[in-house]
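Since the structure of chain Y is already known, use the hints to place chains A and R on it.
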Amino acid sequence: MHTEFHLLTNGPGLYQFTDQVMDWTQAQGGSGLLTLFVRHTSCSLLIQENADPQVRFDLKAYFDRLVPRSDRPEMSYLRHVAEGPDDMPAHIKAAMMPVTLSIPVVDGRPVLGTWQGLYLFEHRDAPHQRKVAAHLA
Amino acid sequence: MHTEFHLLTNGPGLYQFTDQVMDWTQAQGGSGLLTLFVRHTSCSLLIQENADPQVRFDLKAYFDRLVPRSDRPEMSYLRHVAEGPDDMPAHIKAAMMPVTLSIPVVDGRPVLGTWQGLYLFEHRDAPHQRKVAAHLA
Amino acid sequence: MHTEFHLLTNGPGLYQFTDQVMDWTQAQGGSGLLTLFVRHTSCSLLIQENADPQVRFDLKAYFDRLVPRSDRPEMSYLRHVAEGPDDMPAHIKAAMMPVTLSIPVVDGRPVLGTWQGLYLFEHRDAPHQRKVAAHLA
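Chains as they are written, first to last, in the numbering used here: chain Y, 70 to 206; chain A, 70 to 206; chain R, 70 to 206.
The following block holds chain Y by itself, in its conformation from the complex:
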């Protein structure tokens, strides 16, 4: 079973899409393995805490410090800068955080832990429509 989720982003940060995924796996029913794959090189797929929104704030704040924008003096060694100061840092973050997730499914439900939510982590400034391919078997 294949589908594709389309997620609209409006600047850097974590966008939850647990419900869309749950709705789809429950409509298929049965048990197996769910795989998600993001078809871009400047955003990531994360499983993170879905309780305190400050966790998402802190994740963004940490990675922004770890991978500064390419117009910052300490990043002057970067060469791929023509697409804006947020572009190469987005590729670096996309290398460091997952682009694919595989989650066992039992009776139509991914076996996420109590505090786990599914997020797209957008690394670019401009609004984007992000495509996440899904496979269930």
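Treat the hints as calculated values from the structure; they're not laboratory data. From a predicted model like this one, the values you see are computed outputs, not experimental measurements. Some hints here could point you the wrong way.
[To be verified] To give an idea of the chain A side of the interface with chain Y (calculated C-beta under 8 Å), a few residues:
#1 His71
#2 Phe74
#3 Leu77
#4 Thr78
#5 Gly80
#6 Pro81
#7 Thr104
#8 Thr110
#9 Leu114
#10 Lys129
#11 His160
#12 Ala164
#13 Met165
#14 Thr169
#15 His204
For each residue, glycine too, the CB sits at the ideal point set by N, CA and C.
Quick look at chains A and R alone, frame taken from chain Y:
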């Protein structure tokens, strides 16, 4: 085929569970794909060198420096601090290292390289029971 | 369906192998899930931009700064140094970037986005033959 491994941790560090996984895949037999998925947001799943224990020491030492505890002055921008100074760094490490691993299986054995072992990387101070869901098909 | 790709590397950097993978999945045909798994602990598997080669230059430059060689003063706390100053940093990078990738396949083609290529990211100085196990089902 589904199962769940329960691993007891007693502070930060790498805990090997290659043998438990091997025993299970060999009991199932056959060839296919093994997927492991950790049902928590403050620990990771790593495949790492199983020869020199100093590799595990160094991995912990490096990531502790890369993601300092939230009571350190340089981390004063973090907001999610109510659950202790080890909590938000644990979420950050869990974003940066895998929560799911997929390994082909041939004749009941995951095709791990000679030096590869399976580890749970615990990022929290307190003892935990960690649940790793497994799927084989 | 199982196979193994053998990739020759000649020093640190990103080596593209999208075409080998595409040729194999197209020869198998059909739809399903492709999983790649690298059988080593000192290199990574990345999906990254395949357009501007400077992206690969910058990725290498960034991670070399984030994880300095073990003969650098700031890394003097590392213990696993007997296999050369590039060895423990290679293990750290292999913890931080993927060792396994799962990509849905439709009609014999992995659903890579327009700008996505498959790369082995070599972290060691010496030439290596790297083995990437592949599973398609």
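Hint check:
| no. | hint | verdict |
| --- | --- | --- |
| 1 | His71 | holds (6 Å) |
| 2 | Phe74 | violated (12 Å) |
| 3 | Leu77 | violated (17 Å) |
| 4 | Thr78 | violated (15 Å) |
| 5 | Gly80 | violated (20 Å) |
| 6 | Pro81 | violated (18 Å) |
| 7 | Thr104 | holds (5 Å) |
| 8 | Thr110 | holds (5 Å) |
| 9 | Leu114 | violated (11 Å) |
| 10 | Lys129 | violated (18 Å) |
| 11 | His160 | holds (6 Å) |
| 12 | Ala164 | holds (6 Å) |
| 13 | Met165 | holds (6 Å) |
| 14 | Thr169 | holds (5 Å) |
| 15 | His204 | holds (4 Å) |
Comparing the model with each earlier hint shows violations of hints 2, 3, 4, 5, 6, 9, 10; every other hint is respected.
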